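Protein chains: 4
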Amino acid sequence: MIRVTVWNEFVQEQMDVKAGELFPGEENAQARQWMTERAKEIREVHHGAIHDTLKALLEEDEEIQVCHIATLEMEECGLTKDVLDDTDVLVWWAHIAHDKVPDEIAERVRDYVLRGMGFIALHSAHPSKPMQKLLGTSGTLQWREGDFCRVWNTCPTHPIAQGIPASFELDEEEMYGEFFDIPKPDDLVFISWYRGGEVFRSGCTWTRGYGKMFYFQPGHETNRSYFNENVRKIIRNAVKWAKPAMRVNELVCPNAAESPESKYQK
Amino acid sequence: MIRVTVWNEFVQEQMDVKAGELFPGEENAQARQWMTERAKEIREVHHGAIHDTLKALLEEDEEIQVCHIATLEMEECGLTKDVLDDTDVLVWWAHIAHDKVPDEIAERVRDYVLRGMGFIALHSAHPSKPMQKLLGTSGTLQWREGDFCRVWNTCPTHPIAQGIPASFELDEEEMYGEFFDIPKPDDLVFISWYRGGEVFRSGCTWTRGYGKMFYFQPGHETNRSYFNENVRKIIRNAVKWAKPAMRVNELVCPNAAESPESKYQK
Amino acid sequence: MIRVTVWNEFVQEQMDVKAGELFPGEENAQARQWMTERAKEIREVHHGAIHDTLKALLEEDEEIQVCHIATLEMEECGLTKDVLDDTDVLVWWAHIAHDKVPDEIAERVRDYVLRGMGFIALHSAHPSKPMQKLLGTSGTLQWREGDFCRVWNTCPTHPIAQGIPASFELDEEEMYGEFFDIPKPDDLVFISWYRGGEVFRSGCTWTRGYGKMFYFQPGHETNRSYFNENVRKIIRNAVKWAKPAMRVNELVCPNAAESPESKYQK
Amino acid sequence: MIRVTVWNEFVQEQMDVKAGELFPGEENAQARQWMTERAKEIREVHHGAIHDTLKALLEEDEEIQVCHIATLEMEECGLTKDVLDDTDVLVWWAHIAHDKVPDEIAERVRDYVLRGMGFIALHSAHPSKPMQKLLGTSGTLQWREGDFCRVWNTCPTHPIAQGIPASFELDEEEMYGEFFDIPKPDDLVFISWYRGGEVFRSGCTWTRGYGKMFYFQPGHETNRSYFNENVRKIIRNAVKWAKPAMRVNELVCPNAAESPESKYQK
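Chains as they are written, first to last, in the UniProt record's numbering: chain G, 1 to 266; chain X, 1 to 266; chain P, 1 to 266; chain U, 1 to 266.
These are computed hints drawn from the structure, not numbers from a lab.
It is possible that some hints are incorrect.
Chain copies aren't distinguished; within one or between two, either way the pair holds.
As the list claims (entries may be wrong) - Each computed SDA-like pair below joins lysine to any residue, with the alpha-carbon atoms no more than 20 Å apart:
{"no.": "1", "residue 1": "K81", "residue 2": "L251"}
{"no.": "2", "residue 1": "K184", "residue 2": "T207"}
{"no.": "3", "residue 1": "K263", "residue 2": "E172"}
{"no.": "4", "residue 1": "K133", "residue 2": "E107"}
{"no.": "5", "residue 1": "K133", "residue 2": "T207"}
{"no.": "6", "residue 1": "K40", "residue 2": "E229"}
{"no.": "7", "residue 1": "K184", "residue 2": "A245"}
{"no.": "8", "residue 1": "K55", "residue 2": "D86"}
Since the model is a prediction, treat every value here as computed from it, not as a measurement.
Working from the sequences, and respecting the hints, build out all of it.
Structure follows, in structure tokens:
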């Protein structure tokens with residue numbers, strides 16, 4: 001059984017209630033209005049919150065159990081050490097409140113990944129603190145809402161691509177376009193085509209320390225990408241691929257006072 | 001002309017004066033004693049400070065000019081925006097005071113690298129804040145002072161390996177051994193052999209954003225590695241390789257409101 | 001000065017004369033007819049042969065000199081050892097007669113690349129013998145003539161991308177689409193978008209032995225891609241990038257009878 | 001169940017009988033004498049042939065079944081299409097008769113790997129025809145018999161490294177040293193240290209087409225490395241890792257006459 005924690009920012013879904021608190025002041029009035037309207041749309045698409053959708057798609061696989069839902073409003077973002085100790089793979093969805101995640105929590109996530117926990121960053125998590133701290137790069141890209149997307153499978157033998165056809169289509173998705181500022185991926189599993197004219201390295205893996213990471217582009221909050229069977233399968237595949245091979249207790253620099261050869265030299 | 005800033009922690013060289021301030025308290029008494037003795041040794045090896053040695057070896061190449069020396073005790077660590085704007089490649093030596101570099105300065109260095117500045121991390125810079133923030137990993141390794149090191153050239157056509165033989169030897173160097181927790185290098189230019197029985201990926205390149213990075217293992221403070229002609233040439237080669245191809249003003253996510261294809265659809 | 005040899009199959013340009021010889025028999029009658037018509041079209045686009053176009057675009061750079069034109073009909077395909085000894089970078093265009101290149105000549109090209117010569121494979125060279133022998137993979141892809149292509153720059157700091165914008169367009173080019181069976185590129189410099197709905201890793205680098213390789217997709221024989229300023233610059237940049245760092249006389253496995261350490265053990 | 005075919009050159013084991021046939025003539029007299037003596041030594045170490053040792057170590061894992069032993073002296077080298085169709089992973093040991101493998105058989109192996117079959121190349125298989133044809137490079141290195149080897153685990157989370165400690169030792173192994181002419185590995189799983197002073201990238205993975213490859217250095221014919229528990233486990237791990245994710249019937253370039261977008265444009 002793979003124990004998964006789904007972290008959802010869970011801000012946009014509640015914006016009719018929370019916009020005033022999170023985006024105060026005159027200068028944010030238009031943003032608050034836009035977000036209030038969008039909140040209802042998101043809840044309709046997801047029959048609740050984005051983490052409900054993610055939990056449901058993950059648990060279609062009998063090997064996966066979503067043990068924890070964690071959100072920004074929880075204490076320690078819901079990512080206490082107890083929760084992370086109980087997590088094999090952390091799935092991260094976030095969009096508009098990246099800077100509200102305390103540095104300490106983001107550093108904790110990085111530490112757990114380096115010590116073996118898997119990490120799946122979805123869609124607008126590209127500038128999230130954990131992803132930035134793990135990759136080093138800015139994650140910048142260009143974007144435009146409301147495009148048509150065709151995802152091409154460029155690594156058909158990769159575990160994450162198993163059962164996925166040569167390409168599949170998403171009727172409406174946010175365009176993310178190159179140049180995408182990421183470190184060279186270990187494997188470039190998917191490249192997306194957008195009808196508006198852009199391409200994007202949309203499925204990328206990296207190893208960091210003892211942990212494995214996957215970034216996957218689809219998942220704009222008001223689009224139905226997470227109800228696409230291929231997208232669902234890819235996320236499940238990614239969780240299974242990112243399952244820890246091993247976990248280490250701490251990352252330290254030991255003094256090898258005695259050299260391996262010293263036993264032969266005596 | 002390539003403008004280089006050499007950042008040297010410049011703490012150990014002054015330890016007979018500064019140990020009390022930097023490592024106060026009873027619990028650090030032994031460390032202070034050890035560092036006081038070492039300070040003199042370092043100054044003898046380097047005929048002054050480590051940055052003097054680095055400046056001298058860099059300026060043996062007519063294309064390279066060390067425009068700035070920056071140290072921990074300077075305001076903003078000597079790494080003001082004016083200095084970094086005037087820097088093509090930043091060379092970083094540090095050892096015992098990584099945590100004294102303010103996060104803000106380390107983030108600034110990361111930002112300049114992502115926007116194009118070259119970055120050369122030497123020896124004990126492996127757990128330095130800029131390197132951690134750029135690579136994401138812990139940089140942990142095992143170590144032991146006072147070994148013999150043979151550096152093997154595993155990428156003979158790389159610009160950093162030009163003029164370097166198949167292998168060369170350092171009579172005394174600190175052993176750094178695997179497992180070295182780094183992201184997969186773009187190029188693994190050197191692997192070191194230690195007489196005590198270890199190996200180490202000692203010369204590694206990465207690209208981060210618009211900037212290039214190189215980590216190079218030799219350079220223990222009391223050893224004479226920086227007076228080895230091959231080491232000197234490698235560091236100069238690295239600076240020339242890391243010279244910015246371009247620099248960008250900011251890293252942002254532009255809204256491509258108008259798609260490239262829209263002009264054809266009208 | 002970089003000495004370039006342009007190898008052009010130079011078959012399609014002469015097909016009104018040569019089709020009978022190269023594609024004999026009843027079963028090839030339709031192919032001969034089609035190729036005869038195309039021959040005239042190609043000669044018009046290129047004001048002669050494809051190697052004329054390539055020579056002209058290369059020599060716009062004062063550092064590049066096309067010292068040799070080599071074609072299939074020449075003795076030893078024009079690739080004698082004398083010619084290759086006089087070649088820094090070999091540019092390869094071929095399409096319909098890959099199997100007519102003798103294995104011995106393809107092996108010779110591979111040997112020269114492994115010993116340091118640069119190699120630029122253009123467009124339909126993807127299943128050419130030298131590229132297959134150097135990469136190991138099949139180079140298979142999907143294709144369709146007559147699409148619109150937008151080339152995205154996914155590695156803006158790479159030497160081959162210098163002076164190239166974030167994207168540029170080719171009004172008519174043959175679509176090459178994923179899955180492209182190639183080894184993981186060292187650098188993925190360009191990804192192409194096609195209006196028909198495909199993506200393609202269209203600019204890829206590899207290192208093989210002491211030599212550097214670049215594959216670049218544009219260049220269908222009847223399209224005008226080689227008259228596009230960005231395409232022309234990319235090919236020149238690639239030649240300059242692939243210039244040998246060094247050349248070795250032979251690739252052998254020497255017996256290191258005396259170990260490096262033996263001198264210390266006496 | 002993973003079906004493995006072990007290909008063993010099986011020449012050196014029989015050299016007291018076969019040297020005259022394989023290495024005829026005056027100029028090979030000394031080689032024949034040396035090989036005759038060595039034949040007996042090899043048979044003693046392996047209690048028979050090298051393929052006996054490999055079969056035994058592989059079948060310690062219940063998931064692995066060695067379905068076929070194939071050798072140079074068999075018709076088609078024992079690698080008929082029927083055998084390869086019945087093979088998930090091909091293990092290749094060879095040393096002194098690489099050139100006796102017909103090109104057609106080596107090309108057949110390459111074709112099966114590109115279409116999904118796993119391939120494990122052991123020790124002196126580095127210049128074997130299948131490895132050369134799959135990697136493109138020369139595989140050259142330096143060597144010396146009779147050294148002590150310590151293998152370092154540089155990729156502890158890789159499937160091939162599972163259950164393997166940070167390092168392990170081989171009391172006697174042939175030294176293989178850098179520069180090793182290989183394409184940049186997908187993963188560099190092991191680096192070896194030799195007491196004589198060299199290092200070697202001794203465990204490397206690559207993907208070629210739909211197939212996975214692993215090269216592993218230990219296995220000199222007269223040494224007992226294949227009786228080391230870590231070596232045995234690594235080879236079993238490699239076979240399990242290289243098990244085909246999928247197999248394809250042929251590698252072709254289909255004409256995508258109808259574009260994916262055409263259905264939307266009607």
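Evaluated hints:
For the identical chains of this complex, K81 and L251 are intra-copy neighbours only, at 16 Å inside a copy versus 33 Å across copies, given an alpha-carbon limit of 20 Å. Taking identical chains as interchangeable, the C-alpha atoms of K184 and T207 lie at most 20 Å apart whether they share a chain (11 Å) or sit on different chains (8 Å). Taking the shortest alpha-carbon separations for K263 and E172, only the inter-copy value of 17 Å comes in at or below 20 Å, while the best intra-copy value is 65 Å. In this assembly of identical chains, K133 and E107 lie within 20 Å of each other by CA distance both inside one copy and across copies; the values are 7 Å within and 11 Å between.
In this assembly of identical chains, K133 and T207 lie within 20 Å of each other by CA distance both inside one copy and across copies; the values are 13 Å within and 16 Å between. In the homo-oligomer, the alpha carbons of K40 and E229 never lie at most 20 Å apart, since the shortest distance is 24 Å inside one protomer and 50 Å across protomers. In this assembly of identical chains, the alpha carbons of K184 and A245 lie at most 20 Å apart only when taken from different copies (17 Å versus 22 Å within one copy). In this homomeric assembly, K55 and D86 come within 20 Å of each other (Cα to Cα) only inside a single copy, at 16 Å, whereas the closest approach across copies is 41 Å.
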